[in-house]
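Novice: Go by the hints and put chain V onto chain L.
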Amino acid sequence: MLMHMTLMHDALRSVARYQFTAGTIGSRVPRIERCGRVGAVFKRACMVLLDGGGVVALLGPDVGHVAHAVRLVVDEPIDCRIRIGTPVRIWRGGIVFGADVVVTLSSARIWTSAVRLGMCASNSGAFNAMALTRNVLLDLAPQSSSEFLAAVLPIAPPVTVLGVRVSVALPRLAVAARGHDANRALLLVHGLIGLGPGLTPAGDDFVIGWLAGLTLLAQSPAQQEFLAAMRTGVEALSHATTPVSRQHLADACALMFSERLSEVCVAIASGASRPALQSSLAAQLAVGATSGADAAAGLIFALFDCGWGSSVSSHGSQDSGRASCP
Amino acid sequence: MSIAHRVIPREYRDSVALMQLSAALTKLPGVKQASAVMGTDNNLSLLRQAGMDIGEVAVGPSDLLIVVQGDDGALDRTLDEAQERLSAQAQNVDAGGPQQIAPRSIAMALAEHTDANLALVSTPGEYATAEALKALNLGLNVMLFSNNVSVPDEAMLKRVARDKDLIVMGPDCGTAIINGMPLAFANIVKRGPVGAVAASGTGLQEVTVLVDRLGCGISQAIGTGGHDLSVEVGGISMLTGLKYLTDDPTTQVITLISKPPAKQIAAKILAQARSCGKPVVVVFLGADAQSLTNGNIYGARTLEDAARAAVALTRGRAPQAVSEDVSVTSTILNLAPGQKYIRGLFSGGTFCFQATMLLQETIAIHSNASVGRSLPLTNMWKSEGHTVVDLGDAMFTRGRPHPMIDYRLRTERIVQEASDPETAVLLLDVVLGFGSNADPAAELVPALKAAREIAESNGRAFISVGHICGTHRDPQGLVAQAEALTAAGMILADNNAQAVRLARNIVAQAGR
Numbered sequence: 041m042l043m044h045m046t047l048m049h050d051a052l053r054s055v056a057r058y059q060f061t062a063g064t065i066g067s068r069v070p071r072i073e074r075c076g077r078v079g080a081v082f083k084r085a086c087m088v089l090l091d092g093g094g095v096v097a098l099l100g101p102d103v104g105h106v107a108h109a110v111r112l113v114v115d116e117p118i119d120c121r122i123r124i125g126t127p128v129r130i131w132r133g134g135i136v137f138g139a140d141v142v143v144t145l146s147s148a149r150i151w152t153s154a155v156r157l158g159m160c161a162s163n164s165g166a167f168n169a170m171a172l173t174r175n176v177l178l179d180l181a182p183q184s185s186s187e188f189l190a191a192v193l194p195i196a197p198p199v200t201v202l203g204v205r206v207s208v209a210l211p212r213l214a215v216a217a218r219g220h221d222a223n224r225a226l227l228l229v230h231g232l233i234g235l236g237p238g239l240t241p242a243g244d245d246f247v248i249g250w251l252a253g254l255t256l257l258a259q260s261p262a263q264q265e266f267l268a269a270m271r272t273g274v275e276a277l278s279h280a281t282t283p284v285s286r287q288h289l290a291d292a293c294a295l296m297f298s299e300r301l302s303e304v305c306v307a308i309a310s311g312a313s314r315p316a317l318q319s320s321l322a323a324q325l326a327v328g329a330t331s332g333a334d335a336a337a338g339l340i341f342a343l344f345d346c347g348w349g350s351s352v353s354s355h356g357s358q359d360s361g362r363a364s365c366p
Numbered sequence: 010m011s012i013a014h015r016v017i018p019r020e021y022r023d024s025v026a027l028m029q030l031s032a033a034l035t036k037l038p039g040v041k042q043a044s045a046v047m048g049t050d051n052n053l054s055l056l057r058q059a060g061m062d063i064g065e066v067a068v069g070p071s072d073l074l075i076v077v078q079g080d081d082g083a084l085d086r087t088l089d090e091a092q093e094r095l096s097a098q099a100q101n102v103d104a105g106g107p108q109q110i111a112p113r114s115i116a117m118a119l120a121e122h123t124d125a126n127l128a129l130v131s132t133p134g135e136y137a138t139a140e141a142l143k144a145l146n147l148g149l150n151v152m153l154f155s156n157n158v159s160v161p162d163e164a165m166l167k168r169v170a171r172d173k174d175l176i177v178m179g180p181d182c183g184t185a186i187i188n189g190m191p192l193a194f195a196n197i198v199k200r201g202p203v204g205a206v207a208a209s210g211t212g213l214q215e216v217t218v219l220v221d222r223l224g225c226g227i228s229q230a231i232g233t234g235g236h237d238l239s240v241e242v243g244g245i246s247m248l249t250g251l252k253y254l255t256d257d258p259t260t261q262v263i264t265l266i267s268k269p270p271a272k273q274i275a276a277k278i279l280a281q282a283r284s285c286g287k288p289v290v291v292v293f294l295g296a297d298a299q300s301l302t303n304g305n306i307y308g309a310r311t312l313e314d315a316a317r318a319a320v321a322l323t324r325g326r327a328p329q330a331v332s333e334d335v336s337v338t339s340t341i342l343n344l345a346p347g348q349k350y351i352r353g354l355f356s357g358g359t360f361c362f363q364a365t366m367l368l369q370e371t372i373a374i375h376s377n378a379s380v381g382r383s384l385p386l387t388n389m390w391k392s393e394g395h396t397v398v399d400l401g402d403a404m405f406t407r408g409r410p411h412p413m414i415d416y417r418l419r420t421e422r423i424v425q426e427a428s429d430p431e432t433a434v435l436l437l438d439v440v441l442g443f444g445s446n447a448d449p450a451a452e453l454v455p456a457l458k459a460a461r462e463i464a465e466s467n468g469r470a471f472i473s474v475g476h477i478c479g480t481h482r483d484p485q486g487l488v489a490q491a492e493a494l495t496a497a498g499m500i501l502a503d504n505n506a507q508a509v510r511l512a513r514n515i516v517a518q519a520g521r
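Respectively, the protein sequence lines represent chains L and V. Just so we're on the same page, the working numbering is the position in the first sequence counted from 1, plus 40. Just so we're on the same page, the working numbering is the position in the second sequence counted from 1, plus 9.
In isolation and in its complexed conformation, chain V is listed as follows:
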């Protein structure tokens, strides 16, 4: 492992550009770590502290310094790549002269695309309300990707939208598929007769993916944002989405997905669903599925149940209960005596929620997803007993992209869990599709290998169970991802619910 550096005199870039450059270089083959900083004494000392000592070099605070640590053969190539990337940025800036100015407002964009009927708003939360309002006033539906929009603002926006016969998807709406177009975090699925409205991003992804895998397809997938079914907001977007799908001739079966809504809101939604004239599958995770079933409404317990029921209904069949039996072969039960706990590390909030919901039926579970009887975590950074963690929680995403994009936190935590002699099974999710990490297996496999080495060198078994939320058409490639992960020893279940049951059964059988 060697270190090389390059000094670019009097080159000024903002910290965002330099942090992005450092992150991109670190991902290049043969590179262990890379850093692009201004050449101040303190940054040089910081580099030394990080193991990238470049000795005495002629560099000053006005100079940009790029330092790379890695394989000998990779260093020059990486430094060249860094300079090329900087040049490309500079060319963008240096083009000079009159240029076509990109639209700087929704009104300007609408003037260029007069047939547009939807605006995707992804500004910081404090500006999002104003932008969404502008879009609504221009007659546009809104997908509000931004989070940190207050609930009163959300309610106001949705009331305005309803009065104009429009819909606001969000805020904090991460997933939608409109007219076959995946928006934000979404998978490439077949078009077909199942329509969905969801107050849960990864819940919507899981259902649309499973519908696709069952050979069926999606007409529209409408996100509402997680607060839509609160009393304050009143389920306005879910009711509007339900109406759209009711009126949509291509939608034969409607699926509604959410964590348990406020009681009166649930009643309102179920009342509208009952009168819509189409079969409606309802999965309110954590609610009693049986009590939801009534007339044209089919209650589902898990996301898998919901997808299977929706597909069965499009084929004119009655939904069948999904078998909860998951067999565990004896070959994976060589756990050491102290290995007794499940450690779930999730990037999808709804996967964590569903895992907590299913596991707490039989075991005491610590989680940062507050579900039913789940126990809080004393320290989110350290597992205790059976633990499942939503790594998309704001506590973990400070200064980092979402864990569906940036796997670093999770890969570090995988190794941390493997070092704990009480860890029996690691439970993971892998989300493919637009917006997600370009190659999750490439991120996870080294961590899984390192974790296995740690466990086995201490006389323990290493078991990882997971599922992939993705389709064959997703850019990352379902098959390639599955092959790489299984080659690294991960046991892959078909979906989140099955992975959770498998992990639970492994621990239960090992404990006997």
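With the rest of the complex left out, here is chain L:
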């Protein structure tokens, strides 16, 4: 096996003009041979659309990981080497872009999300961290243009059509989540999928953050059943969004949240201090134009507005009144 990989590695190197080395590989990157083409290229990221569906991303070393991505070791502008439309082949040992570029995977470690079901449910220290999270977000939010964050905190009245729609939809979603009404919730989530400009529409990012928040708090059978219904339902609804966002939603439904969002979740679950939360939230808000902030909005919405926080307070927190908004 080792010899086979080494030979493959050498063969790939011999045909390629440029070689990137992957440091980590996301747990949901296909490990069987697949083909596709480059759908989008940025300075520090590249999206490969796989034939038959699915996306594999190539990320610069400083970009937060996702489960469907390969992250490079060296920071080099990806858009100087890879073009939109280039055919791509994924092998176990590497990814080949056209005839010019190869990404070697043989020395890459596996990356996976650290978020686990019910992480906060039996952890009273997490409760104060939730309150701190909201306070930190209130400090950071003015720098974000996320309509979702503005609606959830709330820090300003909606001024755009998107903002108005969000401000109407979220209270209804909160009611559905509190009542564990999965059908009603999915109907409302349907109205958010694919909502907003860009590769990952803001509505999708919000839903991902929301699923992360529900995952942290899910404890009772009713909550776990509701979350399971959301995971199944959201994946089914994800056809209504862009291919790139569909992959992010699929990852979230598999509870494979992005590295930055996972770091926020882990910080909350571990009852982290304000500076630690501030650091992880600042990194989360720096993701994309508003993607990070939209997901943070979904997270805080799940933690505070959906009434699931009471499962935390019942385990001894002294600050139980602040977990769920009325």
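These are computed hints drawn from the structure, not numbers from a lab.
FRET-style restraints, in silico, Cβ to Cβ: (1) V:Pro-430 / L:Pro-198: 24 to 32 Å; (2) V:Ala-139 / L:Arg-84: 17 to 25 Å; (3) V:Asn-188 / L:Asp-140: 39 to 47 Å; (4) L:Ile-150 / V:Arg-417: 42 to 50 Å; (5) V:Asn-157 / L:Pro-198: 18 to 26 Å; (6) L:Ser-260 / V:Asp-172: 54 to 62 Å; (7) L:Ile-150 / V:Ala-451: 54 to 62 Å; (8) L:Ser-162 / V:Lys-41: 54 to 62 Å; (9) V:Lys-252 / L:Pro-198: 46 to 54 Å.
The structure displayed is predicted, hence computed values, not measured ones. Beta carbons: idealized from backbone N, C-alpha and C, even for Gly.
Specialist: Below, chain V without anything else, positioned relative to chain L:
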């Protein structure tokens, strides 16, 4: 008004690119609104809700959809323009092959420009400290445009700079003119004998512009950032700037500009100023100007006073008090009985501060700029009584560029104020120069016209008073801007202080 759309199959752009494209298309002639989004069902529904219903079209989530609403003649042209802009972006990406890689670190840039001695840092705040520190360690002075740098970090950076005989301008330093080169938000002014150090961006712009208009010029204009004169930071950058200007043979008169500093810091700065051997004009807005005057130090009350005093001193004359009389002609006093309040909408924080300072001398004023006896605003989005608002406040700039760049919030608020029967006078600032909006008059004139129509159709007068902070050499053109604004009925004063007094006098005389 018609609607047209174009579908570009399997085109993927990030949301920043699409939002920028939408904003750029909306500004094209004949376009009412434009949107570039991925063709998801929810985005189609959002477009319908925004009045851009394109009916049943073959578009999917993988397709980019551009929708334009506007005059018939403009639609195709705008869609073509959109596609050209997308192609241009794609060409940048698709160039492929080996390319010259732009410097990705300060060290790499310095290797290419070995004679550089200043780095302008404009990263998000959380990364700015590290970048500024790297620059200082490479022997570079720093202009730190970034905001959201903590005060402890600022103090640390400035101490490091001082130990290396360097200066950190900032953080949140929006304006500087170094060796004749305008940096960030700055105006094109003549070079000359007046040097300035300021903890206030628009304050520095106003003084440099007025010095230029008075026929004089600027040697160096050094920004320090608004927290420099706090106890924690200790005025390190203002003291360093003062020393630079003291040693600079081209600077004859030094001007120091700030909101009132901490008492002990003010004492330190005034002590150094007293011993510098050059005339120093000091404007600490809100402080007692008379008490500052001592020996070679001339206290000024307003930014206008400071500019006039500095120019007079370069000409060997003693500074004269500026007349505060601003006449109001009866033709602009046809206010309806209920029209009694000033509504100031400022893009420059220091203009708002100075307006609040001057107005509160005679009237109760609500403002988000906390000055002396000023009253807080219950709701920043709605005026109450006499109100002046700094629209550059973080509350307003969430998700938007600064109001000196993006006028949308202000134009919406102008119309909102005109709808209020209690509004008597709108008070505005218009900032020209590098970094500012390319054509402020084009943004303001339609709003002023709409506001006038609303007021007059309800039997009320519409009075707008403003000033332009800019010079003839600024890219926007002072004369063209002034002509367009006066044609739209705006009464233009020479500077912010005069505009404020004029607005105050209009309300006072109308009330008699």
